[in-house]
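So the protein sequences, as listed, match chains G and L.
Residue 0 is where the first sequence starts when you use numbering that gives the first Met the number 0, and the numbers rise one by one after that.
Residue 0 is where the second sequence starts when you use numbering that gives the first Met the number 0, and the numbers rise one by one after that.
Source of the hints: derived by calculation from the structure; they are not laboratory data.
Some clues are possibly wrong.
Unchecked claim - Taking beta-carbon pairs under 10 Å as the criterion, some of the chain G residues facing chain L (in silico):
1. Ser31
2. Gln32
3. Glu34
4. His36
5. Ser316
Note that beta-carbon positions come from the ideal geometry of N, C-alpha and C, so glycine has one too.
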Amino acid sequence: MSQQTILFDKHVQYGAKIVDFAGWQMPINYGSQMEEHKQVRTDAGMFDVSHMVVLDLEGDKVVDFLKYLLANDVSKVTSASGKALYSCMLNERGGVIDDLIVYYQNDQWFRMVVNAATREKDIAWISKQAETYAVTVKEGTTLAMIAVQGPNAIEKALSVMSDECKQVAGELKRFVGQPCGEWFIGRTGYTGEDGFEIMLPETEAAAFWDKLAAAGVKPIGLGARDTLRLEAGMNLYGTDMDENISPLQAGLGWTIAMADDRDFIGREALAAEKAAGPVMKLVGLVLQGKGVLRGHQKIVADGIGEGEITSGTFSPSMGVAIAMARVPVQVSDRVQVDMRGKLIDAKVVKLPFVREGKICVEA
Amino acid sequence: MSNIPEELKYTASHEWVKMNDDGTVSVGLTEHAQELLGDIVFVETPEIETEFAAEEACCVVESVKAASDVYMPISGEIVDTNGELTERPEIINSSPYDDGWIFKIKPSNEDELEGLMDAQSYEDSLED
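Given the sequences, and given the hints that come with them, work out the whole structure.
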């Protein structure tokens, strides 16, 4: 049972190759993934992310609810309307149910965006936890979502917005999202470039897509979305972490707020893991030989132990293979990767690989 | 529809085969194969003078998306490889039948060429 977003006909019209992604028929590319990747790093590209799930959480106790539901602390964003927070939502074992973004609107309302592949379990989990707090969970089923990303994304997107939305969007600081009529514009993204994530009524999505295209924003498929986020050092749920992996072993320790005694789901498990000392960590790898790193390739750290690549690809920006890998915490600067039976050297680097068009690591 | 030149022979694993005047045979990937793979970023060509049996994997082509083996269409010895692919693997995408050739074989048994598909059979196989 494959679903289509409201922009499906546009993808076909713009020459997309369509694949199934989490039950949705989505564009993998519109010709060349490499060119699309470079388009976003150097100019502006647009992504249909309408398959992602928008949830409005409302109620008098919504702040307390999210402080309990999420591993990051929403108190960090309640100082000003629109502030966004990236967080993991954990189970009691400290495993990651999903990673998500919440936009604080006011003390009674947060807007949340979660992954498409985890839609059902997320809604079930959130709704169950919400009962005690009398918070309502409403899904925005008539919204499309278009991400516009790249160094020229903001300028080009603003040029085709209504006067009202242009005003709102033009004033957004990074990691802030605000409504504008039925639209909602966040200065957020998943590429390591500046830009917007725009939620808008489905009825207006196709026309806005065409306007963006006319302004020189090129359509970008899921293929380039993956290489862009990997270069940016951003995790992909289900690939880099899942319900059996704690955020501490997924490079997401920075999203865990445990400084005060706030009670949140998964805290006990994380505290125990911290006390015992985490066994594995997530690192970046740059291949020192020829070839392409791939998920599930085995990592050998001489005298230390073994690990595994969680996400690997060829970096279009760097021209070499890069990866995220889960390795023993003792690993420092070098490992070897088992590539089709041969052990090839890889350098361990700090993430990200690329931010805002600039390479941040030494190959 | 994919471009499938009349004068070449084909395998079910999407290699094309061209008989050269000097008795060697050139091998590459079909336009259909490069489309499936997407942007090609790395080619590990076989060692010259190595001998392989027909249908043996002898070479790896990697795209951003996936790694794919290239198989020997017929038995023989590798006599030449396309050095250009080291620096510009993407020519398999842009020119699969010409600039993007991968290796040349000296056939050990020319009769095996008869077992390959002609353009029409290959085209039919893609429609199945």
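Verification of the hints:
Interface restraint check: Ser31(G) against chain L, minimum CB-CB distance 6 Å, threshold 10 Å, status holds. The restraint placing Gln32(G) at the interface with chain L holds, with a minimum CB-CB distance near 5 Å, inside the 10 Å limit. About 8 Å separates the beta-carbon of Glu34(G) from the nearest beta-carbon of chain L, less than 10 Å, and the hint is met. For His36(G), the shortest C-beta to C-beta distance to chain L is roughly 8 Å, which falls under 10 Å, so the interface hint holds.
The beta carbon of Ser316(G) is not positioned within 10 Å of any beta carbon in chain L (closest approach about 12 Å), and the interface hint is therefore violated.
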